[in-house]
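Asks: Protein chains in written order, with this note's numbering: chain C, 1 to 115; chain R, 1 to 121.
Keep in mind the hints are simulated off the structure, nothing from the lab.
Accuracy of the hints is not assured; some may be wrong.
Said to hold, decoys possible - Non-contacting residues of chain C with respect to chain R, defined by C-beta distances greater than 12 Å in every case (computed):
| no. | residue |
| --- | --- |
| 1 | G62 |
| 2 | E66 |
| 3 | S70 |
| 4 | K77 |
| 5 | L88 |
| 6 | G108 |
Said to hold, decoys possible - FRET-style restraints, in silico, Cβ to Cβ:
| no. | chain 1 | residue 1 | chain 2 | residue 2 | range |
| --- | --- | --- | --- | --- | --- |
| 7 | C | Y39 | R | N71 | 27 to 33 Å |
| 8 | R | L11 | C | Q10 | 28 to 34 Å |
| 9 | C | Y39 | R | G40 | 16 to 22 Å |
| 10 | R | R15 | C | S80 | 47 to 53 Å |
| 11 | R | Q17 | C | T52 | 44 to 50 Å |
| 12 | R | Y10 | C | K69 | 38 to 44 Å |
| 13 | C | R42 | R | S70 | 25 to 31 Å |
| 14 | R | G58 | C | R42 | 21 to 27 Å |
| 15 | R | T14 | C | S70 | 50 to 56 Å |
| 16 | R | Q54 | C | P18 | 42 to 48 Å |
| 17 | C | A5 | R | L83 | 40 to 46 Å |
| 18 | C | P79 | R | Q17 | 45 to 51 Å |
Positions of the beta carbon are idealized from the N, C-alpha and C atoms, including for glycine.
Single-letter residue listing:
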Amino acid sequence: AQSVAQPEDQVNVAEGNPLTVKCTYSVSGNPYLFWYVQYPNRGLQFLLKYITGDNLVKGSYGFEAEFNKSQTSFHLKKPSALVSDSALYFCAVREEIFNTGKLIFGQGTTLQVKP
Amino acid sequence: KAGVTQTPRYLIKTRGQQVTLSCSPISGHRSVSWYQQTPGQGLQFLFEYFSETQRNKGNFPGRFSGRQFSNSRSEMNVSTLELGDSALYLCASSFPRAAAGTGGSGANVLTFGAGSRLTVL
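Work out the full structure: start from the sequences and follow the hints.
Replies: This is how it looks when you write it as structure tokens:
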């Protein structure tokens, strides 16, 4: 069965400091991995995805994520956090073989960036 | 181009009533998926429609149903509402055929609407 874990309910970071939001996954085959962000009373916005190839994926708004197959992790990173990055972040996985609209989401991590 | 449009954005119902939510996908997208988001359970997959056929279903009771029309617009219906059905219902669309070099259809990105927030009293 597919699953995703985001071990931290909340991450606090000062503006200008680097941030990391953690995600680990479990799938039987090759994973496709995604990060989405949700602002209050809004839907989910796509940030980036890992399909195959380079382990460091660059996405929107200066975010990047590092895929680590041995640790089954896909942590979201940003070198310098902004107050406007404060939001709810979701990691999601889909197995490569499944051609469907079904994603398995983690529970979400609230990122709080303080001035 | 226009994004995924969900209506209504907010609605209040009482227990036992039924509700219908609507989703208009991005033009050209043929797959529509529905998700339920609650503080306790997080984001859970309800079902997916492609070419007017349900091709995947999550673990929800039969009170939750949906359909897709020939123009790819989709509706979901919840009958005999319960307090626990209070949630944000999100619709997402995608174009299932992958462009060359994207790694296959499984890499397709879901584009989400703003959601319909249902409150059951």
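Asks: Each hint needs a verdict: does it hold in this structure or not?
Replies: Now for the hints, and whether the structure bears them out:
1. Distance check on G62/C: its Cβ is at least 19 Å (rounded) from any Cβ of chain R, clearing the 12 Å threshold; non-interface status holds.
2. With a minimum CB-CB distance of about 18 Å to chain R, E66/C clears the 12 Å threshold, and the non-interface call stands.
3. The claim that S70/C lies off the interface holds: its Cβ sits roughly 21 Å from the closest Cβ of chain R, which is beyond the 12 Å cut-off.
4. Residue-level check passed: K77/C sits 20 Å from the nearest beta carbon of chain R, beyond 12 Å.
5. The Cβ of L88/C does not lie farther than 12 Å from every Cβ of chain R; its closest approach is about 10 Å, which violates its non-interface assignment.
6. Separation of G108/C from chain R is inadequate, the least Cβ-Cβ distance of about 6 Å not exceeding the 12 Å criterion.
7. At about 29 Å, the beta-carbon gap between Y39/C and N71/R stays in the expected band of 27 to 33 Å.
8. Look at L11/R against Q10/C: about 30 Å separates their beta carbons, and that is inside 28 to 34 Å.
9. Our hint of 16 to 22 Å for Y39/C and G40/R holds, since their Cβ atoms are close to 21 Å apart.
10. For the hinted restraint 47 to 53 Å between R15/R and S80/C, the CB-CB distance of approximately 49 Å keeps it satisfied.
11. Between Q17/R and T52/C the Cβ separation comes to about 47 Å, which falls inside the hinted range of 44 to 50 Å.
12. Judged by the Cβ atoms, the range 38 to 44 Å given for Y10/R and K69/C holds: they are separated by roughly 43 Å.
13. As the Cβ distance of R42/C to S70/R is approximately 29 Å, the hint placing it in 25 to 31 Å holds.
14. The hinted window of 21 to 27 Å between G58/R and R42/C holds, with their beta carbons roughly 22 Å apart.
15. The hinted range of 50 to 56 Å is satisfied by T14/R and S70/C, whose Cβ atoms lie roughly 52 Å apart.
16. Distance hint check for Q54/R and P18/C: the Cβ-Cβ separation is about 44 Å, which falls inside the suggested range of 42 to 48 Å.
17. The given range of 40 to 46 Å is broken by A5/C and L83/R, whose C-beta atoms sit roughly 29 Å from each other.
18. The given range of 45 to 51 Å is respected by P79/C and Q17/R, whose C-beta atoms sit roughly 50 Å from each other.
The earlier numbered hints that this structure contradicts are 5, 6, 17.
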